[in-house]
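Undergrad: Sequence lines, in order, name chains A and B.
Numbers 1 to 257, taken from this note's numbering, label the letters of the first sequence in order.
Numbers 1 to 266, taken from this note's numbering, label the letters of the second sequence in order.
Where hints are given, some of them may not hold.
Dumping the calculated EDC-like pairs for lysine to aspartate or glutamate here, alpha-carbon to alpha-carbon at most 16 Å [said to hold, decoys possible]: (1) B:Lys162 with A:Glu68; (2) A:Lys109 with A:Glu131; (3) B:Lys251 with B:Glu26; (4) A:Lys109 with B:Asp264; (5) A:Lys139 with A:Glu191; (6) A:Lys80 with A:Glu16.
Treat the hints as calculated values from the structure; they're not laboratory data.
What follows is each chain in one-letter form.
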Amino acid sequence: MTQSDLSEHMPEASAEPAIVIDHVWKYFGSLPALQDVCLTIAPGERVVIIGPSGSGKSTLLRSINRLEQIDMGSILVQGKNIQSDENNINEMRQNLGMVFQQFNLFPHKTVLQNITLAPRHLRKLSREEAETRALTLLKKVGISDKANVYPSMLSGGQQQRVAIARALAMQPSIMLFDEPTSALDPEMVGEVLDVMVGLAEEGMTMICVTHEMGFARTVADRLIFMDQGQIVEMGKPETLFTSPRHPRLRQFLNQIL
Amino acid sequence: MEDKKEGSKANIVMVTDGASIPDPREWRLINAWSIALAGAVCALCMLCVLWPEPYLRILLYLPDGVLITFKITLLAICCAVPLGLITGLGRISRNRCINLLASTYVEVIRGIPLLVQIFYIYYALSRFVQVSGITSAVVAISFCYGAYMGEVFRAGISAINKGQTEAARSLGFNRYQTMRLVVLPQAMRTILPPVGNECIAMLKDTSLVSIMAVPDIMQRARSFVGTTYLYFETYTMVALLYLIITLLLSKAVSIMESRLNYYDAK
Chain A
1 MTQSDLSEHM
11 PEASAEPAIV
21 IDHVWKYFGS
31 LPALQDVCLT
41 IAPGERVVII
51 GPSGSGKSTL
61 LRSINRLEQI
71 DMGSILVQGK
81 NIQSDENNIN
91 EMRQNLGMVF
101 QQFNLFPHKT
111 VLQNITLAPR
121 HLRKLSREEA
131 ETRALTLLKK
141 VGISDKANVY
151 PSMLSGGQQQ
161 RVAIARALAM
171 QPSIMLFDEP
181 TSALDPEMVG
191 EVLDVMVGLA
201 EEGMTMICVT
211 HEMGFARTVA
221 DRLIFMDQGQ
231 IVEMGKPETL
241 FTSPRHPRLR
251 QFLNQIL
Chain B
1 MEDKKEGSKA
11 NIVMVTDGAS
21 IPDPREWRLI
31 NAWSIALAGA
41 VCALCMLCVL
51 WPEPYLRILL
61 YLPDGVLITF
71 KITLLAICCA
81 VPLGLITGLG
91 RISRNRCINL
101 LASTYVEVIR
111 GIPLLVQIFY
121 IYYALSRFVQ
131 VSGITSAVVA
141 ISFCYGAYMG
151 EVFRAGISAI
161 NKGQTEAARS
171 LGFNRYQTMR
181 LVVLPQAMRT
191 ILPPVGNECI
201 AMLKDTSLVS
211 IMAVPDIMQR
221 ARSFVGTTYL
231 YFETYTMVAL
241 LYLIITLLLS
251 KAVSIMESRL
261 NYYDAK
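The whole structure should be built from the sequences, with the hints applied where relevant.
TA: Given below as structure tokens:
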């Protein structure tokens with residue numbers, strides 16, 4: 001996390017990359033979802049992935065913590081191959097926080113229990129420690145007054161902020177966001193993005209699939225445009241937005257802006 | 001939220017051969033359940049008061065059998081529910097061997113009538129092992145209902161949104177922890193009514209064990225008939241007794257079900 005200033009200038013040059021995606025292929029049946037994707041992400045880097053639906057951006061994100069099995073290539077997280085049987089995927093996932101489009105909070109647990117479940121069972125924290133940590137996180141995402149209610153009583157924006165707190169409770173060094181605001185009513189998008197911007201300012205390594213171009217512009221160190229399972233163009237967000245080189249990116253930006 | 005819940009319930013085939021579980025949200029005083037219960041209790045009381053001989057005598061003769069019926073049912077539930085859970089988990093297992101084993105068990109058991117299974121365990125297997133009537137009754141009913149409940153558990157577990165599993169796995173839980181901490185507690189709610197239903201059906205099916213001279217309600221009635229030849233009177237009382245028991249139990253399941261709805265938005 002301390003290397004964030006350094007990575008801003010030269011993301012590739014850091015000692016050990018946070019994530020190395022190396023010639024990755026993934027098929028759904030005979031349909032290629034990822035085609036020869038290569039990407040290296042430095043610690044502390046904020047990467048935003050954009051692209052039309054079906055372009056493979058969610059698949060790429062989900063491959064990083066092996067929610068999707070890749071068919072060829074390799075993915076290293078902090079130097080460890082996630083495919084290898086030598087590395088325990090469950091332990092590696094504890095270091096990779098993930099936030100889903102549909103929140104996926106546990107409906108049978110209160111907000112507090114949602115956040116403390118993993119730290120108590122996996123990090124073996126005592127109840128008090130876990131709850132103290134959870135309350136700090138709830139304060140950070142701005143809903144400390146909802147600790148003891150069930151998720152069904154919360155708005156979408158509140159649920160997604162709880163989901164972010166739940167992921168952060170495991171103190172991961174990398175956070176993956178899979179379209180975190182796409183299922184939200186427009187008036188709730190801002191509150192979730194604010195939390196994410198705050199997280200980015202703290203130097204968290206973040207990979208975010210989103211359609212929020214304003215967020216991409218302000219937060220991303222690097223913007224990646226994917227189409228048809230390939231990384232078509234990447235670079236500084238300003239460069240991509242103002243002078244896109246590839247015709248497909250130009251067409252995409254015309255459609256959404 | 002309401003639509004979603006209806007949808008997830010519709011995924012489970014709720015039609016079983018047990019008493020129907022009353023809807024916990026049903027608030028009207030007069031409904032099928034209350035009419036049936038009031039009717040049965042009234043009929044029972046009227047018969048006993050107006051014609052104590054023979055009805056009251058029959059009623060007093062049966063309670064020993066009620067205890068045996070409950071004992072067999074309880075023992076069978078204690079075996080069948082864990083067996084059903086294991087079968088259900090086996091049916092969704094990705095391990096081909098376990099999956100085949102569980103599926104074959106379900107196929108075989110579902111294809112043989114319970115009465116034949118009871119005969120088979122009590123009479124046919126007596127060539128190899130001698131077991132008491134009650135033991136073979138419990139074993140036969142447990143195996144039979146274990147298979148049915150396996151299907152209920154499988155359906156209940158499959159109905160839980162895949163996102164729940166993904167969220168738990170992405171936090172670092174392994175498959176076992178995910179099942180135990182996240183999926184099963186949620187599945188319990190959808191599973192409880194059909195499992196309760198199966199348990200009540202089980203209680204009714206224990207009447208089959210009377211053919212092995214196990215002194216349950218039915219066998220007590222048969223021995224009463226054997227000495228008095230009061231077929232109509234005796235079996236009327238037996239029918240009313242079974243009806244009242246199953247109606248009360250289905251209400252109990254319904255109350256439990258409403259308790260499990262605690263985390264829904266009000």
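Undergrad: Look at each hint and say if it fits the structure.
TA: Now for the hints, and whether the structure bears them out:
1. B:Lys162 with A:Glu68: Distance of about 13 Å is within 16 Å: holds.
2. A:Lys109 with A:Glu131: 14 Å, holds
3. B:Lys251 with B:Glu26: 11 Å, holds
4. A:Lys109 with B:Asp264: 11 Å, holds
5. A:Lys139 with A:Glu191: 13 Å, holds
6. A:Lys80 with A:Glu16: With a Cα-Cα distance of about 11 Å, the restraint between Lys80 (chain A) and Glu16 (chain A) holds, given a limit of 16 Å.
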